[in-house]
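**Student:** Let the sequences and hints guide you as you build the complete structure.
Respectively, the protein sequence lines represent chains A and B.
For the first sequence, our numbering begins at 67 and goes up steadily by one.
For the second sequence, our numbering begins at 115 and goes up steadily by one.
Just so you know, the hints here were simulated from the structure itself, not pulled from any lab data.
All figures in this text were calculated on a predicted structure; none of them were measured in a lab.
Hints may contain errors.
[What the hints assert, rightly or not] Across the chosen pairs, the derived CB separations fall in these ranges:
id : chain 1 : residue 1 : chain 2 : residue 2 : range
1  : A       : Arg669    : B       : Cys130    : 44 to 52 Å
2  : A       : Arg669    : B       : Glu119    : 55 to 63 Å
3  : B       : Asn171    : A       : Phe695    : 31 to 39 Å
4  : A       : Asp659    : B       : Cys130    : 35 to 43 Å
Just so you know, even glycine gets a beta-carbon here, dropped at the ideal spot from N, CA and C.
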Amino acid sequence: MGLENLAWVVLLLPLISAAVITLFTLRNPRPSAQISIVAVVLSFVCSIVLYGVFRQSPPTYAASLNWLDVGPLHFDIAPRIDAFSLVMLLIVSGVGGIIHIYSFGYMHGDPGFGRYFASLSLSTLSMLGIVLASNFVMMFIFWELVGVSSYLLIGFWYQRPSAADAAKKAFITNRLGDFGFLLGIILIWGILGTVRFDELEATLLKSPAALGIWTSVAGLLIFCGAVGKSAQFPLHVWLPDAMEGPTPVSALIHAATMVAAGVYMLCRVIFLLALPPVWPDWLGFLQSYSVLDIIAWIGGFTALLAALIAIQQNDIKRVLAYSTLSQLGYMVMAVGISQSNPVSGPDPSPAMFHLSTHAFFKALLFLAAGSIIHSLHHEQNIWRMGGLRYKMPVTYWTFLIGTLAICGIPPFSGFFSKDDILASAAHHGVGLFLLASLVALLTTFYIFRLFFVAFAGTARVELAQHAHESPKVMTWPLVLLAIPSILSGVWGIDSYLGRFFTRGEAGHEYGWFEHLLAPFGHSPLAAASSLVAAGIGISLAYTLYRRAVKDPLVDALGPIARAMRSNFYFDELYAFLIRCTHELLARTAAFIDRVLIEGFGVRGISGTTDILGRALRLVQTGNLQTYTFLFALGVAIILVIALKH
Amino acid sequence: MVRLEHYIIVSAVLFCIGLLGVIVRRNLLVIYMSLELMLNAANLALVSFSRFTNNLNGQVMVFFIITVAAAEVAVGLALIVALYRRRQIAHVEDLTSMKF
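**Tutor:** Listed below in structure tokens is the structure:
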């Protein structure tokens with residue numbers, strides 16, 4: 067038993083907590099919350115210990131559990147501990163722990179309190195499982211568990227039809243992506259015979275053509291999983307609706323951790339995605355694009371699309387949801403444009419860096435929004451807020467920190483991670499660099515629009531005048547999250563991960579102060595464009611929304627604004643497509659089932675038997691002599707037949 | 115000269131009379147007697163085959179049949195008497211309670 071088996075403790079604590087709450091304390095709110103919070107905080111402590119011990123030299127072996135052994139299919143549930151999963155463990159359990167504590171205040175008095183914490187523990191478990199996964203199947207199992215817990219939490223207020231619908235939408239949309247993911251896993255297992263990441267990496271490094279003509283298809287199918295989970299275009303529609311869940315849930319799984327699973331997975335299997343493109347003949351038109359190119363463009367497109375939609379949203383949580391979408395698109399794009407290193411392949415550390423900082427400041431933004439919603443008795447329309455600056459000082463200041471971080475103002479964390487991405491975009495090509503800069507500008511604009519409308523000016527409605535600061539159990543988590551939102555940019559997450567991905571080739575260690583100035587040194591263009599974009603965004607938002615009573619853009623942009631407000635009609639488009647294809651299919655299937663199978667098959671057989679039975683019943687007269695006569699007649703007939711032949 | 119055919123014809127005629135009786139008569143006792151007639155027609159056939167083929171198995175069988183028939187008559191008559199005592203009927207067309 068070495069210390070590496072602490073990973074099992076990290077993984078099992080939330081599971082035990084979920085089980086205990088479900089089995090014993092579902093009706094007792096306080097113990098449920100205590101169990102859940104203690105479990106996740108202990109997980110966090112264990113993660114810190116793991117990080118402390120294995121920071122420089124990850125263990126090669128931890129206890130594994132043989133999960134399935136059927137013929138050539140063999141895989142274990144085994145934690146994989148390396149620099150990458152250690153960082154992610156800290157983020158998931160740390161941010162998760164803070165959100166657990168916050169939930170204690172936010173969900174106070176809810177009748178489903180115990181159920182809420184059980185689901186929260188389950189989602190923590192599944193996310194930790196994804197982080198620790200050492201093979202595709204283990205990842206897929208926890209991947210699906212994430213889907214389930216997300217379903218439970220989005221539909222937490224299942225009495226509301228909109229919440230129940232949103233939960234179903236999220237689950238089904240995710241299933242679409244997971245279907246591709248599963249196909250990809252099966253394809254890879256079928257060709258290479260293993261699902262373990264380390265074995266796959268070794269095989270593919272040795273012979274990059276091992277997957278033959280399926281190389282790029284496999285990469286694209288695996289990417290499908292990330293498209294679903296990380297809500298990339300065209301499966302992005304579920305994430306905004308997922309805001310029907312309680313706000314801490316939005317913070318935990320729909321902003322900070324769960325949706326990041328897709329990006330994490332892409333970085334985990336980057337060796338697979340970065341293989342030189344080989345397409346089968348029927349996909350020959352893609353010949354000149356690699357999988358990473360497709361990933362980069364889908365990510366960039368999602369980022370732009372979501373940022374445009376976010377500009378015209380009026381629900382505070384929806385603005386943040388589209389902002390999450392946009393930032394996820396940013397991360398996926400960053401995976402796609404990972405700079406290649408001749409020795410060890412591409413280095414997606416900018417994507418992971420942004421994921422880490424984003425986890426902090428987006429969780430902060432969501433929790434601060436939750437604090438506003440809580441004190442305004444579940445009012446979410448930003449135009450019914452205003453003047454909250456003096457009513458809720460802690461929320462105001464922490465929200466401001468989150469805002470500055472997401473805009474990329476130095477020295478807040480977002481600046482450094484965004485700068486990394488912009489730098490690699492600049493290195494990659496002009497198109498994506500301009501796109502990324504534009505998204506940075508839009509990000510600043512919509513988040514400051516939200517900020518000015520909600521906090522500045524005067525209260526627009528009666529309700530906002532009586533706003534008051536949230537209880538301490540909710541403001542302290544905000545302060546706790548504000549610290550990494552400011553500082554995590556200079557903690558060296560990027561160089562630590564960079565060293566991991568490039569096997570020590572790149573990513574030298576800076577001091578804190580050098581970190582602060584590094585972006586201006588190694589890519590002045592990116593740093594400058596990021597600052598200019600932020601400056602334009604802030605000044606635009608300031609002039610338009612500083613004292614606005616209603617949105618000036620609605621009149622100025624006309625139909626475009628309406629399209630943005632209705633998410634560019636994606637929901638309607640999908641509904642139409644489904645009516646055309648899926649409904650038709652369903653009707654055909656229903657016809658076959660109802661008329662052919664049920665009508666002629668099932669009912670036909672039972673009906674025939676029934677009629678025959680009724681007819682035969684008439685023969686049963688009950689008269690002994692009739693029976694005797696028929697009996698004798700039968701004997702006579704048999705005799706005649708027998709004697710004739 | 116009386117040959118096997120004659121015996122068999124007598125036996126067949128007896129059997130048919132018995133069968134006809136079973137089918138057309140209403141009274142349970144008469145039906146019962148007709149049944150006995152059919153049984154004895156079979157006995158006659160067995161005995162004559164035995165006689166004309168010099169094989170004693172047939173006659174042994176007839177002894178068995180007579181014994182079993184005696185027991186059967188006892189049980190059958192007892193049933194008819196019991197039925198009559200209970201329901202005051204001895205006509206077969208009234209016995210339809212087994213009909214569904």
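**Student:** Run every hint past the structure and note whether it holds.
**Tutor:** Do the hints match the structure? See the list:
At roughly 49 Å, the beta carbons of Arg669(A) and Cys130(B) sit within the given window of 44 to 52 Å. The hinted window of 55 to 63 Å between Arg669(A) and Glu119(B) holds, with their beta carbons roughly 60 Å apart. A hinted range of 31 to 39 Å holds for the C-beta pair Asn171(B) and Phe695(A), which are about 33 Å apart. The hinted window of 35 to 43 Å between Asp659(A) and Cys130(B) is violated, with their beta carbons roughly 60 Å apart.
The structure is inconsistent with hint 4 alone, although it conforms to all the rest.
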